[in-house]
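One line per chain: the protein sequences are A, B and C, in this order.
By our numbering, the letter at position 33 of the first sequence is numbered 33, and the numbering carries on one by one without gaps.
By our numbering, the letter at position 61 of the second sequence is numbered 61, and the numbering carries on one by one without gaps.
By our numbering, the letter at position 141 of the third sequence is numbered 141, and the numbering carries on one by one without gaps.
Please note: incorrect hints may appear among the correct ones.
Said to hold, decoys possible - Distance ranges between label pairs, derived from CB positions:
#1 B:T59 to A:D54: 33 to 39 Å
#2 C:V78 to B:S46: 55 to 61 Å
#3 B:L257 to C:L303: 50 to 56 Å
#4 C:K91 to A:G188: 33 to 39 Å
#5 B:S46 to C:D81: 54 to 60 Å
#6 C:I239 to B:E43: 52 to 58 Å
To be clear, the hints were calculated from the coordinates, so they are not data collected in a lab.
None of these values were measured; they are calculated from a predicted model.
Ideal placement from N, C-alpha and C gives every residue a C-beta, glycine not left out.
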Amino acid sequence: MKFRSLAKPAVAVAAVLSLSALAACGSSDDKKDAAGSGPTTIDVWLMKGSVSDDFLKRFEADFAASHPEVKANVQIQEWNGIGTKIIGALASKDAPDVIEVGNTQVAQYSASGGVKDLTDKKADLKGDDWIEGLAGPGLYEGKQYGIPYYAANRVVVYRKDLFAAAGVTPPKTREEWLASTAKLNTGGNQGIYLPGQNFYVLSGFIWDEGGDLAVKEGDKWKGALSTPEALKGMDFYQQIQALGKGPKDSDEAKPTQTDVFAQGKVAQMIAVPGAAELIAQANPALKDKLGFFPIPGKTADKPGAVFTGGSDLIIPVASDGQDAAYTFIKELAGEKWQTDLAKTMKYVPNRTSLASSVGADEGVAAMAAGAANGKATPNSPNWAAVEAKNPIKEYQTKVLTGGDPAAAAKSADEIITQALNTK
Amino acid sequence: MRTRLSRKITLNVLALGVFAFSVFPVYWMVLTAFKPTKEIQAETPSFFPTHVTFSHFSTAVHADGFWIFWRNSGMVAISAVLMSLVVACLAAYAVGRMKWKGRQAFILMVFIAQMTPWEALLIPMYVIARDTDMLDKLPMLTLIYFMMTLPFTIVTLRGFLNGIPVELEEAAQVDGCNQFQAFRRIVFPLLAPGLLSTSLFGFITAWNEFAFANLLIIKNQDQRTLPVWLSSFSNTFGTDWGATMAAATLFMLPVLLIFLVLQGRVTTGVAAGAVKG
Amino acid sequence: MALAEAETTTAAPAPGTGTPVPARRGRPLWARVLPYLLVAPTVIGTAYLLVYPLVRNLLISVQKFGIAQLIRGGAEFVGIDNYRAILSDDKFWSVVGRTFAFTAINVGLIMVLAILVALLIGALGKWMRFAVMGGLVVAWAIPVIAATTVFQWLFQSQLGVVNWVLVALGFEQYDGKAWFADGNSTFAIIVLLIVWQSVPFAALTLYAAMTTVPKELSESAQIDGAGSVKTFALITFPILRPMFGLILCLEVIWVFKCFVQIWAISQGGPGDATLTLPVYAYQIAQSLNRYDLGAAISMVTVLILAVVLLAYFRQMFKEEGEL
Numbered sequence: 001m002k003f004r005s006l007a008k009p010a011v012a013v014a015a016v017l018s019l020s021a022l023a024a025c026g027s028s029d030d031k032k033d034a035a036g037s038g039p040t041t042i043d044v045w046l047m048k049g050s051v052s053d054d055f056l057k058r059f060e061a062d063f064a065a066s067h068p069e070v071k072a073n074v075q076i077q078e079w080n081g082i083g084t085k086i087i088g089a090l091a092s093k094d095a096p097d098v099i100e101v102g103n104t105q106v107a108q109y110s111a112s113g114g115v116k117d118l119t120d121k122k123a124d125l126k127g128d129d130w131i132e133g134l135a136g137p138g139l140y141e142g143k144q145y146g147i148p149y150y151a152a153n154r155v156v157v158y159r160k161d162l163f164a165a166a167g168v169t170p171p172k173t174r175e176e177w178l179a180s181t182a183k184l185n186t187g188g189n190q191g192i193y194l195p196g197q198n199f200y201v202l203s204g205f206i207w208d209e210g211g212d213l214a215v216k217e218g219d220k221w222k223g224a225l226s227t228p229e230a231l232k233g234m235d236f237y238q239q240i241q242a243l244g245k246g247p248k249d250s251d252e253a254k255p256t257q258t259d260v261f262a263q264g265k266v267a268q269m270i271a272v273p274g275a276a277e278l279i280a281q282a283n284p285a286l287k288d289k290l291g292f293f294p295i296p297g298k299t300a301d302k303p304g305a306v307f308t309g310g311s312d313l314i315i316p317v318a319s320d321g322q323d324a325a326y327t328f329i330k331e332l333a334g335e336k337w338q339t340d341l342a343k344t345m346k347y348v349p350n351r352t353s354l355a356s357s358v359g360a361d362e363g364v365a366a367m368a369a370g371a372a373n374g375k376a377t378p379n380s381p382n383w384a385a386v387e388a389k390n391p392i393k394e395y396q397t398k399v400l401t402g403g404d405p406a407a408a409a410k411s412a413d414e415i416i417t418q419a420l421n422t423k
Numbered sequence: 001m002r003t004r005l006s007r008k009i010t011l012n013v014l015a016l017g018v019f020a021f022s023v024f025p026v027y028w029m030v031l032t033a034f035k036p037t038k039e040i041q042a043e044t045p046s047f048f049p050t051h052v053t054f055s056h057f058s059t060a061v062h063a064d065g066f067w068i069f070w071r072n073s074g075m076v077a078i079s080a081v082l083m084s085l086v087v088a089c090l091a092a093y094a095v096g097r098m099k100w101k102g103r104q105a106f107i108l109m110v111f112i113a114q115m116t117p118w119e120a121l122l123i124p125m126y127v128i129a130r131d132t133d134m135l136d137k138l139p140m141l142t143l144i145y146f147m148m149t150l151p152f153t154i155v156t157l158r159g160f161l162n163g164i165p166v167e168l169e170e171a172a173q174v175d176g177c178n179q180f181q182a183f184r185r186i187v188f189p190l191l192a193p194g195l196l197s198t199s200l201f202g203f204i205t206a207w208n209e210f211a212f213a214n215l216l217i218i219k220n221q222d223q224r225t226l227p228v229w230l231s232s233f234s235n236t237f238g239t240d241w242g243a244t245m246a247a248a249t250l251f252m253l254p255v256l257l258i259f260l261v262l263q264g265r266v267t268t269g270v271a272a273g274a275v276k277g
Numbered sequence: 001m002a003l004a005e006a007e008t009t010t011a012a013p014a015p016g017t018g019t020p021v022p023a024r025r026g027r028p029l030w031a032r033v034l035p036y037l038l039v040a041p042t043v044i045g046t047a048y049l050l051v052y053p054l055v056r057n058l059l060i061s062v063q064k065f066g067i068a069q070l071i072r073g074g075a076e077f078v079g080i081d082n083y084r085a086i087l088s089d090d091k092f093w094s095v096v097g098r099t100f101a102f103t104a105i106n107v108g109l110i111m112v113l114a115i116l117v118a119l120l121i122g123a124l125g126k127w128m129r130f131a132v133m134g135g136l137v138v139a140w141a142i143p144v145i146a147a148t149t150v151f152q153w154l155f156q157s158q159l160g161v162v163n164w165v166l167v168a169l170g171f172e173q174y175d176g177k178a179w180f181a182d183g184n185s186t187f188a189i190i191v192l193l194i195v196w197q198s199v200p201f202a203a204l205t206l207y208a209a210m211t212t213v214p215k216e217l218s219e220s221a222q223i224d225g226a227g228s229v230k231t232f233a234l235i236t237f238p239i240l241r242p243m244f245g246l247i248l249c250l251e252v253i254w255v256f257k258c259f260v261q262i263w264a265i266s267q268g269g270p271g272d273a274t275l276t277l278p279v280y281a282y283q284i285a286q287s288l289n290r291y292d293l294g295a296a297i298s299m300v301t302v303l304i305l306a307v308v309l310l311a312y313f314r315q316m317f318k319e320e321g322e323l
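Model the full assembly from the supplied sequences, consistent with the hints where possible.
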C-alpha cells in the first residue's frame, strides 16, 4: 500500500532526527535493548512548566547514574487538549509509564479504572506526611491512585518601588488592600492587574466568606455560587478587579499576565511566586523591585484562603514497566528531589516536613503563609468536566460586565450541578 | 461621461474595501509576528513595521522538534492528497464517462460522505486504531485525512472531467486507441492542471487537522504534526502572541505559496463541473 | 501568474460535452465490470474509514459508554436511552434551532457577498481585479487555526486593534470592550470569521463561472435596456443556476458542520450563545466524557443534515438521471 511505503521512511527519518536531537542535548544513548538483560525503558509525561530545563537535566543525570536498570525518557506535554490525550493514553495498549496530572483532574482518571492503585506504596513514600491538597485528590474510594508531586498557591506579586512611591505597605486585610490598591491605581499605573476570569482567585474569596464552589448533599452535588456567601466573594472580586485594567473577558493566560506586568505599569498581580522569574526574564529592570505577600484575608490574623494548585503522579494500568515507573516516582517524589524542586521552582514540596528545608525565599515564605489556609476544588471525578468548559469563568465575565450576579450565579450553578451529577 | 467616471471611482473604492477587508487580518498577523513584545502590548498599536524583530520567528523555529513536525505534516498531507487523487481520479472517470447501475447511489454516497461531522468520529476512530494497533502511527492519520478529502476531490475532478469534450476521446478511439490509452493520451494531460489544483483542498484539510492528530498520536512524540505544535504556544503562563503569530505565519506560508500558484484553476474546475450540472 | 489566467483558462464547456459514453449492448464483460472496478477503491475506503466508524459510533450511541468503558471495555447495551435523553432535553432543541439560524445567517451572507464580489471583480480593470483576487486568495489560504488565532487577537479586549480603532474613531464606549463576554457579539465575530473565510471560494468560483456566460447574451440584454441587476437576474443567474446550487449546497454543509472556528473561539459560549450541533456533540463527548450521548447527538446531526439537503439531492438526481 502506498501510504505505508511513504510513511515508513518518515518514521525512520523522524526517529533518526530525534535521536540526534537527544544526543545533542547531552543525554545518553537512546537505544532500546530488546534483550531482557538491558535496562527497562519508561516514558514519563511531565507537564509544560512544571520543571525547568535545568532541573530536568540534573534529575535525569542523577537518575541515570543511580538507576542504570531504568532508562527514563521524559517528555514534556502541552496543556492544550491534555485531558483527551491522557484518556487516550490510559485506554491504549501501550501507555506511557508515569503521567503528571493536575490535582483537579486526577479524580476522574482514578475513577476510570485505568490507573494503578498505589495504596500499598504509601508507607514506602512516607505518605502520612503528604500535604492534603495533593493527597486528597489522589485518593478515590479509599485507595491512593495519585502520588503527590508538588503544589503551589497564589500570592500577590507587587512592585516595591511603586508601593514606596505611593506610601503604602503590604496590606493585611481586605479593607487595607482595597485602599492601598486604589492609591496605586493612578498616573497611568494599574493598581492591580486581575483578569476577569481568574476563577482560582475568586474561589479563595468565596472560601473566605465561608462559601464554596459546590457542595455535596447526600450523594448529590450542587453548585453553590448563588449562595449569599459566594455572592459576597464575587462582590469583592469585582471591587478589587476594578482597580486596574485587567480584561473582563479573559483569564491570566490571555494575554500572558507576566508580560503585562513586565511592561512596568502594574503595581500588583496575583500569581504563583515562580512567576517573578518570568517577569524578571521579560524585563530585567524589575528584577530587584519585586516583592510578595499572601493574599489578604478578611481579618489581619489569617491570610486569605487560596486554591492549592499542583500535580499528582500516576501510573497507568496499561503501562508495561510499572516497577520501573515506581522507581522513577520514588525518586522524583522523594526528599532529595522534592527539596531541590521546591527551591528551584518555588513550589511547596509534597510533604509538610520538607517545607522548612526550602529556605528563606521571600516568595516561598509568602506562599507558605498562604498555604496554611489552602483549599481544593470539589473532589469529584467530574470536576475536570466543569473546568473543561468553565461556567465559573463565564459567570465572572457576566457579573463584571454588568450582569445580575444572582441570576448569572444561578445559571452557572445549574451547569455545575448537571456536570457533577453526570454518571 | 461624469456618471461613468463616478461609477468607476465607486467601483474602485469598493474594490479597495474588499481588498483591505480580506487582507487586513493576515497583514496584522504577519505584522505582529515581526513586532517586539513591548510593541505588541503597547497601548497604541503601530500599523506599520517600525522595529522589526526576528526573535518570535527564532522562538518558533527553535521550539523543540520544529523540523520534525514540519516534515511529519508535509509527509502526511502529501501522501493523503496523492492517495485521494489517484482514487478519486478512477471514481470520477467512472462517474463522468460511463453508464452503470448504481451510479446515482454512488454519487449520493459521495455527497453524504461530504457531510460527515468528523469530530464526532474521534472516539470510534480511536477505538478502531487501538484495536488494530494503529495508534501512534502517521499512516493512520494519513488514512483519515485521505478519507476527509476524498469526497470533495471526486466532486471537483468530475467537474474538470466534464469540462473535457468526450468527442476527443471518441475520436482517439476511432483512431484505434482503447479506452485506457484514450484516457492516458487525451484526457489525462487535459486533466493534469485540475488534478494539481484539486489537491489544494486536500492539502489544506490535512495540513490543518488538530483533533485526530492530538488524540491518535499519543506516546510517540516524534510523530506529532504542526497543528499540535502550533497549539503548544499557549503555555502554562499564557499565550505568547508574538511567537504564536510567527508560528501561524510559518504555518500558513506553504499553503499560501501553493495557493497563489494554483488557485485560478481550482475555481475554474468547480465552475466548469457545476455549470454542466 | 495564475490569478490573471483564471479567465483565460476557463474553458467554456461546449454544449453536449461530458456525456458518458453510451452503453452499448453486448459489451464485453470487462467493459461492464470496469466502472465497478474503478469505484471500488473509493467504496472500500469509504466502507472502512467512514461507514465502519459510523457504525461503531452508532453502536456507542446505544450503549452506556464513558471513560471507564473506553478504558476497560464491557459497555452495556441501553437501547435508545441516550437518544431519548437527548431528544427530551430542551437544550438540544434550542441548539438545533440555533444551528439552523447560524447556518442561514452565514450562508445567506456568504452567497450575497460572494455574488456582489464576483460581479465587482467582473467590472474592474485589470490591475484592480488582480489585487482583489489576490486579496481573496490570501484570506482563503490562511489555515483555520491561524485565522481563529488572529481573530481572537484582533478582538482582544485590552490590546486588540479593533477596540483601539473604534476608540480612535470616537466611540469611547469601546475602550476595553469585552467582545467575547457577550453572546451576541461572540456570535457576530464567529459569523464574521466564517464569512471572511468562505466568501473567497464562493466569489472566485462564481466569477470563474460568470466568465463562461457568453458576452453576447448580456450585451444584447443591456442593449434592450436592462440594467446590470436585471441582466444578472434574467441572464446570468438562470444560466449559472446549477452552479449556485452546488456552491449553496457545499456552503450549507460546511457551515452546518463547522466546528473548529467555534470551538477555538468560544467553545460554544458564553452561556450557550454559540453552541451549534457539532460543538454540542463534541462538548458532551470530550468535556463531560459522555461518549454515548455525544455519539447520539452526532448521529442525529447527520440525519438532520441529510434531510435538509434532500431537496438538493432530488434536484441533483433529476439532472443526473437525464444523462
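Does the Cβ-Cβ separation between K91 (chain C) and G188 (chain A) fall within 33 to 39 Å?
-> At 46 Å between Cβs, range violated.
Mind checking the hinted window 33 to 39 Å against the Cβ distance between T59 (chain B) and D54 (chain A)?
-> violated, 19 Å
Kindly confirm whether 54 to 60 Å is satisfied by the beta carbon distance between S46 (chain B) and D81 (chain C).
-> holds, 59 Å
Status of the given 52 to 58 Å range, CB of E43 (chain B) versus CB of I239 (chain C) | Given a distance of about 54 Å, which is inside 52 to 58 Å, the answer is holds.
Check the following: the C-beta atoms of L257 (chain B) and L303 (chain C) are separated by a distance inside 50 to 56 Å.
-> violated, 40 Å
Do the beta carbons of V78 (chain C) and S46 (chain B) sit within 55 to 61 Å of each other?
-> holds, 60 Å
In this structure, the hints that do not hold are numbers 1, 3 and 4, in rising order.
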